[in-house]
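Q: Chains as they are written, first to last, in my numbering: chain Z, 12 to 787; chain E, 335 to 615.
Fair warning: there could be bad hints in the mix.
Said to hold, decoys possible - Negatives, chain E to chain Z, calculated, CB over 10 Å:
{"#": "1", "residue": "E378"}
{"#": "2", "residue": "D396"}
{"#": "3", "residue": "L415"}
{"#": "4", "residue": "N490"}
{"#": "5", "residue": "R516"}
{"#": "6", "residue": "A519"}
{"#": "7", "residue": "L533"}
{"#": "8", "residue": "Q580"}
{"#": "9", "residue": "V591"}
Said to hold, decoys possible - Here are the simulated DMTMM-like pairs of lysine to aspartate or glutamate, each with C-alpha atoms no more than 20 Å apart in a straight line:
{"#": "10", "chain 1": "Z", "residue 1": "K557", "chain 2": "Z", "residue 2": "D534"}
{"#": "11", "chain 1": "Z", "residue 1": "K698", "chain 2": "E", "residue 2": "E594"}
{"#": "12", "chain 1": "Z", "residue 1": "K778", "chain 2": "E", "residue 2": "D576"}
{"#": "13", "chain 1": "Z", "residue 1": "K69", "chain 2": "Z", "residue 2": "E132"}
{"#": "14", "chain 1": "E", "residue 1": "K518", "chain 2": "Z", "residue 2": "E693"}
{"#": "15", "chain 1": "Z", "residue 1": "K397", "chain 2": "Z", "residue 2": "D186"}
{"#": "16", "chain 1": "E", "residue 1": "K486", "chain 2": "E", "residue 2": "E355"}
{"#": "17", "chain 1": "Z", "residue 1": "K778", "chain 2": "E", "residue 2": "E594"}
{"#": "18", "chain 1": "E", "residue 1": "K593", "chain 2": "Z", "residue 2": "E121"}
{"#": "19", "chain 1": "E", "residue 1": "K372", "chain 2": "Z", "residue 2": "E702"}
{"#": "20", "chain 1": "E", "residue 1": "K372", "chain 2": "Z", "residue 2": "D287"}
{"#": "21", "chain 1": "Z", "residue 1": "K125", "chain 2": "E", "residue 2": "E368"}
{"#": "22", "chain 1": "E", "residue 1": "K593", "chain 2": "Z", "residue 2": "D287"}
{"#": "23", "chain 1": "Z", "residue 1": "K314", "chain 2": "Z", "residue 2": "E184"}
{"#": "24", "chain 1": "E", "residue 1": "K575", "chain 2": "Z", "residue 2": "D648"}
{"#": "25", "chain 1": "E", "residue 1": "K372", "chain 2": "Z", "residue 2": "E121"}
{"#": "26", "chain 1": "E", "residue 1": "K518", "chain 2": "Z", "residue 2": "E646"}
{"#": "27", "chain 1": "E", "residue 1": "K372", "chain 2": "Z", "residue 2": "E122"}
{"#": "28", "chain 1": "E", "residue 1": "K575", "chain 2": "Z", "residue 2": "E650"}
{"#": "29", "chain 1": "E", "residue 1": "K593", "chain 2": "Z", "residue 2": "E650"}
{"#": "30", "chain 1": "E", "residue 1": "K372", "chain 2": "Z", "residue 2": "E289"}
{"#": "31", "chain 1": "E", "residue 1": "K356", "chain 2": "E", "residue 2": "E378"}
{"#": "32", "chain 1": "E", "residue 1": "K573", "chain 2": "E", "residue 2": "D586"}
{"#": "33", "chain 1": "E", "residue 1": "K573", "chain 2": "Z", "residue 2": "E650"}
{"#": "34", "chain 1": "E", "residue 1": "K518", "chain 2": "Z", "residue 2": "E653"}
{"#": "35", "chain 1": "E", "residue 1": "K518", "chain 2": "Z", "residue 2": "E121"}
{"#": "36", "chain 1": "E", "residue 1": "K518", "chain 2": "Z", "residue 2": "D648"}
{"#": "37", "chain 1": "E", "residue 1": "K518", "chain 2": "Z", "residue 2": "D487"}
{"#": "38", "chain 1": "E", "residue 1": "K372", "chain 2": "Z", "residue 2": "D312"}
{"#": "39", "chain 1": "E", "residue 1": "K518", "chain 2": "Z", "residue 2": "E679"}
{"#": "40", "chain 1": "Z", "residue 1": "K126", "chain 2": "E", "residue 2": "E378"}
Calculated from the structure, these hints are not laboratory results. Note that the Cβ used here is the ideal one computed from N, Cα and C, for glycine as well.
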Amino acid sequence: MKSGYQIVGKRVNRVDALAKALGKAKFTSDFKRQDMLIGKALFAKFPHAIIKGVDTAKAEQLEGVQAVLTAKDLPGRNGYGILVPDKPVIAEKKTKYEGDAVALVAAVSEEIAKKALGLIEVEYEVLPAYDDPRQAMKDDAIHIHEAHPAADKGNILTTVALDSGDVEKAFREADIIIENSYETPMVDHAYMETDVCMAEPDPLTGGLTLCSPQQAVYATKRCLAPVFGIPQNKIRTFCPIVGGGFGGKEDSVLDVSAMAGVLALKTKRPVYFELDREEVFRTTGKRHATYIKHRMAATKDGKITAVDVETILDKGAYTSMGGLNNPLMAVTQRTAMYAGGTYFIPNARARSHSVFTNHPYSCAFRGFGAPQAMFAVECQIDELAKALNMDPIELRLKNILRHGDRTIFGQVMKENRGLGLEECITKVKGRMDWDKSLDQGNGPVKKGKGIAVFMYGTGIPLLFEGASCYVNLELDGSVSVAVAATEMGQGIVTALTQTAAEALGVRYEDVNVTYSDTATAPDCGPTVGSRAAVVVGNAVLDGCNKLRERMLSVASKEFKKDPRDMDIKQGEVFIVGKPETTMPLAAIVSKAFITQVPLAAVGTWYPPQPSFRAEDGQGEPMHAYTFGVQAVEVEVDTETGELSVTRSVLACDVGKAINPSLVEGQMEGGAAMGIGWAILEEGFMNKGVMENASFHNFLIPTIKDLPELESIIVEHPNDLGPYGAKGIGEPPLIATAPAIRNAVCNALGISINTIPLTAVRILAAVKNQQAVGGGN
Amino acid sequence: MQFFTPHTLTNALDLLDQHREKTVIINGGTDIVEQISKGTVSPEAIIYIQDMAELKEMRQEDGYTVIGSAVTYKEMEQSALCRKYSALMDCLSSLGSPAIKNVGTPAGNIGTAAAAGDCNVALIALGAQVVLESKHGKRTIAIEDIFSGKGKTKINPDELIREIKLPLAHANTRSSFIKLARRKAQDIGKVLVAVSLTLEGDICREARIAAGAIGPAPLRLSSLEQLMVGNDIVAGLAKIKDVFPQEAKLRDSRFRVYKEQVVSVIVRRALEKAVGGEYYG
Ligand SMILES: Cc1cc2nc3c(=O)[nH]c(=O)nc-3n(C[C@H](O)[C@H](O)[C@H](O)COP(=O)(O)OP(=O)(O)OC[C@H]3O[C@@H](n4cnc5c(N)ncnc54)[C@H](O)[C@@H]3O)c2cc1C
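Go ahead and model the full structure; you've got the sequences and the hints to work with.
A: Below, the structure written as structure tokens:
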């Protein structure tokens with residue numbers, strides 16, 4: 012791998028840093044205009060009910076109301092969704108969760124719109140609501156969807172099966188079997204920017220323009236075109252910078268855009284539609300809650316021989332990214348795929364059932380099912396270590412995937428795609444002083460250490476995985492790059508700017524990347540799956556390389572040299588070995604311009620075709636995997652149950668850090684988010700009603716709940732990634748929860764298998780232990 | 335809706351007298367503004383009281399530290415007069431966030447009368463008196479007597495909290511405050527306890543123990559105080575150790591069992607914290 016990069020690997024400032032620091036960067040709602048109507052939805056009063064009638068007469072008569080829509084007033088199909096169109100724009104016969112709209116209003120002011128909602132009368136017949144997928148999947152449960160277009164059976168949307176080796180035999184022959192149940196909560200993404208859409212009909216084309224914070228501008232217009240009855244080429248979807256997405260804005264954008272869009276088409280006016288925070292909590296997607304039964308078989312010297320895992324996912328009311336049968340198995344598939352963690356396990360069986368409930372639809376959320384699956388495996392490994400009286404790190408090192416090993420989903424691991432797990436473990440072990448025991452003192456506060464490891468594939472295992480972009484050389488030697496990816500704080504625009512500048516040999520300041528607009532850039536796939544810097548990065552690299560070759564060929568004529576002897580750096584073209592022979596790139600570009608050499612290129616990249624067989628869950632879903640290790644120290648107050656995470660060390664093998672500061676940003680943010688999921692966050696659901704739909708009592712960590720977040724970057728290059736890079740967006744939070752749980756067990760000598768590890772839950776476990784006697 | 339920003343107390347009391355029930359006082363606004371914007375409170379008139387210099391004063395007078403009702407938490411935190419009360423300082427250190435402390439006030443905490451009002455609990459333990467004033471006169475009421483139920487106070491619609499009076503701390507008085515919450519900052523307490531003990535050697539001569547979030551309003555726990563008074567500290571602590579206060583009235587919630595388990599722990603810790611580390615263990 013080439014080293015000595017000019018810009019890649021450098022801690023250059025984010026392109027948007029100054030504007031954001033000064034509060035000058037504009038988000039979608041900053042573009043609200045006076046002439047826009049205000050759209051609002053009347054959401055379901057009951058999470059599960061039959062709609063007997065909707066009377067909008069009084070609302071329609073209110074002065075200032077421009078439109079009141081119910082299901083019968085829609086221009087196109089009353090259904091949408093990323094995988095299957097099972098979510099109605101406006102519920103017609105039934106409500107399936109609190110977030111189903113039963114009527115929409117557009118009015119000249121927010122006040123009037125809200126008043127109009129209060130005038131709409133809806134008659135419901137209330138049905139029992141399901142909170143627990145284990146109840147909803149029973150044969151006698153009421154079908155939440157009366158006729159779902161894709162569900163396997165009753166409330167079971169889909170079951171993903173993964174089989175390899177001979178599981179029965181391995182369990183028969185095992186020296187030791189570890190069997191436990193685990194639960195992880197449904198949580199909100201808690202992105203800062205609430206969901207909003209500005210929809211504007213285009214009188215010239217008869218089309219529609221939708222501006223809304225989101226993660227996939229092309230997916231949005233494809234999903235919604237049938238709702239509007241408008242061809243895809245007449246819909247423009249775009250957004251400025253986004254205030255956080257974490258997977259949620261792949262879906263929530265569809266909700267607000269569908270509602271804003273139909274109101275705009277009806278009124279022929281621009282419509283501004285914003286959800287308030289409570290509505291975001293009640294109506295938009297969440298992380299799938301899971302209920303996992305995990306069995307692990309091993310030899311007495313600590314070799315894992317088999318896993319047998321059943322995962323039940325709380326799907327919520329609609330499919331979203333939950334997963335359908337082949338090939339779109341999505342989150343459900345990931346829970347099966349990662350059921351064996353980062354270990355070489357020759358025999359495996361995993362069954363993952365995605366089950367409808369009356370909760371908000373579960374969707375993509377940082378880690379996409381991997382955090383749930385890894386939580387169970389990484390707790391199991393610690394349980395195994397305890398049973399074998401082995402050090403948890405030693406046990407892990409005995410079993411981790413190495414070059415040539417097959418994962419439980421059948422993919423052979425290769426060092427040339429980056430396999431840095433062992434280095435991550437060694438570094439974290441050293442930094443944590445792992446072998447040194449903690450001073451326990453004699454007060455009520457106990458200390459503990461815990462560790463967990465993870466792997467996470469870069470990109471999405473779908474047949475269409477790949478990306479395109481435009482790259483354009485300007486006559487002054489500057490470079491324009493257009494991608495459809497979203498800048499949601501992760502820094503993709505900066506990383507792509509660095510990638511393009513390095514590839515073309517221009518200065519960082521001379522590249523401008525525009526983003527997230529279907530009118531200006533071709534499809535590059537969604538900004539999800541920790542894929543953009545790698546997959547879109549490779550497309551940018553491809554486009555830049557094409558232009559670079561063209562310019563070197565033009566330059567070679569000027570310098571009368573072979574293009575292979577020429578190079579471009581800092582915007583200067585020169586003969587290799589003779590830096591004094593320079594000519595500005597701008598001059599070469601101008602030469603190209605007048606000699607009929609095209610200055611624009613489409614960059615594309617596709618990874619090796621992803622595969623994943625529906626029959627047995629075997630395949631090569633992603634081309635490369637990011638690895639990592641999280642270790643923590645905790646303090647647990649045995650009298651109050653209070654838990655403090657006092658130390659966090661995270662190491663990730665990212666292949667190549669295009670910008671180490673951005674990578675650390677993802678790592679720190681991931682660890683912080685992981686701590687939130689592990690110790691604080693949970694939706695209090697009561698018969699489909701969220702009882703803590705505000706930041707007042709849906710708590711996410713503050714800075715005081717976090718220790719200093721230490722990050723260690725490890726680089727085992729991926730030979731297919733741009734400059735060796737692998738994805739880093741989602742991975743950092745995956746191992747945080749099990750590391751904390753393992754540390755709490757270490758502190759208390761009690762196994763708690765449900766997160767979040769709230770004081771209530773910890774104290775209950777301590778009291779329970781005291782009641783039965785024992786513990787330490 | 336009318337919005338008044340009186341600069342004198344007389345003017346404010348006149349306004350209150352004219353508008354009575356239809357008026358809302360806004361102090362720091364950290365509680366009431368949210369209610370107004372949600373529509374749970376819809377006043378006809380708002381009286382904003384932060385512009386009155388008379389209510390911004392802090393002074394020492396006749397054996398009391400007097401805190402004007404428009405004084406913010408931040409101003410108290412920075413005041414040498416307030417720093418003498420450990421319970422108050424403990425309370426301020428864990429209250430809300432810097433942004434909340436910049437504008438929020440103890441008077442507002444009283445007005446909201448939340449069961450989990452941090453400052454209310456500290457002020458009960460410190461024996462605070464609340465001075466209420468209307469156009470027709472003044473009255474003084476002990477803070478623990480001002481609450482009349484969940485979110486309710488005995489303040490009349492034409493009255494305003496003029497000031498809060500804290501008895502000057504006796505040289506042998508020790509106080510502390512502990513907030514047990516789900517999160518380390520910006521969270522509503524699950525159990526709040528404040529204590530103030532006046533000692534004579536190792537003997538506890540006076541005790542005030544207050545708690546929040548374990549009943550409809552902040553409470554004074556007289557039943558526990560009795561276990562301390564007249565005893566030496568170690569004996570008192572032993573008596574009080576696992577006692578669940580009879581004044582507590584826990585409502586049904588996700589946290590009920592948890593609160594039952596931790597109230598006595600927090601009371602004990604607050605007492606130990608007040609008298610100093612040596613009794614801790
Ligand atoms: C993010 C956040 C965090 C918070 N954290 C905490 C916390 O940790 N602990 C805590 O206890 N509280 C907390 N609160 C609640 C709030 O900040 C406190 O209750 C604060 O003391 C209220 O003071 P204020 O001056 O803002 O009251 P306001 O909102 O102005 O008033 C509250 C009530 O008191 C009445 N009132 C105010 N002053 C007077 C007066 N002089 N005479 C008569 N009536 C009056 C008002 O009419 C109103 O009914 C928090 C609030 C927020 C938004």
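Q: Now, for every hint given, state plainly whether the structure supports it.
A: Outcome of the hint check:
1. Chain Z leaves E378(E) outside its interface by the beta-carbon criterion, the shortest separation being 17 Å against a cut-off of 10 Å.
2. Remark: the non-interface label on D396(E) is consistent with the geometry, its nearest Cβ contact in chain Z lying 40 Å away (cut-off 10 Å).
3. No Cβ of chain Z approaches the Cβ of L415(E) within 10 Å, the least distance being about 28 Å, so the stated non-interface status holds.
4. With 10 Å as the threshold on Cβ separation, the claim that N490(E) sits away from chain Z holds: the shortest Cβ distance comes to roughly 30 Å.
5. Residue-level check failed: R516(E) sits 6 Å from the nearest beta carbon of chain Z, not beyond 10 Å.
6. Residue placement check: A519(E) does not keep its beta carbon more than 10 Å from all beta carbons of chain Z (closest about 4 Å).
7. Every CB of chain Z lies more than 10 Å from the CB of L533(E), the least distance being 24 Å, so the non-interface label holds.
8. Residue-level check passed: Q580(E) sits 21 Å from the nearest beta carbon of chain Z, beyond 10 Å.
9. Consistency note on V591(E): stated as away from chain Z, yet its beta-carbon is not over 10 Å from all of that chain's, at 8 Å minimum.
10. A distance of roughly 19 Å separates the Cα atoms of K557(Z) and D534(Z); the hinted pair therefore holds under the 20 Å criterion.
11. Proposed proximity of K698(Z) and E594(E) is contradicted: the alpha carbons are some 26 Å apart, above 20 Å.
12. Note on K778(Z) and D576(E): the hinted pairing holds, with a Cα-Cα distance of about 15 Å set against a maximum of 20 Å.
13. With a C-alpha separation of about 9 Å, the suggested pair K69(Z) and E132(Z) falls inside the 20 Å cut-off, and the hint holds.
14. A threshold of 20 Å between alpha carbons decides the hint, and for K518(E) with E693(Z) the separation of about 17 Å falls inside it, so the pair holds.
15. With a C-alpha separation of about 15 Å, the suggested pair K397(Z) and D186(Z) falls inside the 20 Å cut-off, and the hint holds.
16. At roughly 14 Å between alpha-carbon atoms, K486(E) and E355(E) fall within 20 Å of each other, so this suggested pair holds.
17. Proximity of K778(Z) to E594(E) is assessed by CA-CA distance (about 12 Å); at most 20 Å being required, the pair is judged to hold.
18. Between K593(E) and E121(Z) the CA atoms are separated by roughly 42 Å; this puts the pair beyond 20 Å, and the hint is violated.
19. A distance of roughly 17 Å separates the Cα atoms of K372(E) and E702(Z); the hinted pair therefore holds under the 20 Å criterion.
20. The hinted pair formed by K372(E) and D287(Z) meets the criterion: a straight-line CA distance of about 11 Å does not exceed 20 Å.
21. The suggested pairing of K125(Z) with E368(E) holds, with an alpha-carbon distance near 17 Å, which does not exceed 20 Å.
22. About 32 Å separates the Cα atoms of K593(E) and D287(Z), which puts this hinted pair outside 20 Å; it is violated.
23. Between K314(Z) and E184(Z), the direct Cα distance comes to roughly 12 Å. Compliance with the 20 Å bound is thereby established for this hinted pair.
24. Between the alpha carbons of K575(E) and D648(Z) the distance comes to roughly 17 Å, so the proposed pair stays at or under 20 Å and holds.
25. For the hint pairing K372(E) with E121(Z), the CA-to-CA distance comes to about 13 Å; that is within 20 Å, so the pair holds.
26. The hinted pair formed by K518(E) and E646(Z) meets the criterion: a straight-line CA distance of about 14 Å does not exceed 20 Å.
27. Only pairs whose Cα atoms come within 20 Å are accepted, and K372(E) paired with E122(Z) is accepted, the gap being roughly 12 Å.
28. Proximity of K575(E) to E650(Z) is assessed by CA-CA distance (about 13 Å); at most 20 Å being required, the pair is judged to hold.
29. Of the supplied pair hints, the one linking K593(E) and E650(Z) holds, its CA atoms being roughly 12 Å apart against a limit of 20 Å.
30. For the given pair, K372(E) sits about 11 Å from E289(Z) by alpha-carbon distance, which is consistent with the 20 Å threshold.
31. Restraint check for K356(E) and E378(E): the C-alpha separation of about 5 Å stays at or below 20 Å, so the hint holds.
32. At roughly 28 Å between alpha-carbon atoms, K573(E) and D586(E) are farther apart than 20 Å, so this suggested pair is violated.
33. With a C-alpha separation of about 18 Å, the suggested pair K573(E) and E650(Z) falls inside the 20 Å cut-off, and the hint holds.
34. Under the criterion of a C-alpha separation no larger than 20 Å, the hint pairing K518(E) with E653(Z) is consistent with the structure, at around 10 Å.
35. For the hint linking K518(E) to E121(Z), the alpha-carbon distance of about 37 Å lies beyond 20 Å, and the restraint is violated.
36. A C-alpha spacing of about 14 Å is found between K518(E) and D648(Z), which places the hinted pair at or below 20 Å, so the restraint holds.
37. A hinted pair counts as satisfied when its Cα atoms are at most 20 Å apart, and K518(E) with D487(Z) does not qualify at roughly 54 Å.
38. Of the pairs offered as hints, the one joining K372(E) and D312(Z) is violated, with about 62 Å between alpha carbons and a cut-off of 20 Å exceeded.
39. For the proposed pair K518(E) and E679(Z), the alpha carbon gap of about 19 Å is at most 20 Å, so the pair holds.
40. With a C-alpha separation of about 19 Å, the suggested pair K126(Z) and E378(E) falls inside the 20 Å cut-off, and the hint holds.
Of the numbered hints given earlier, the model fails hints 5, 6, 9, 11, 18, 22, 32, 35, 37 and 38; all others are met.
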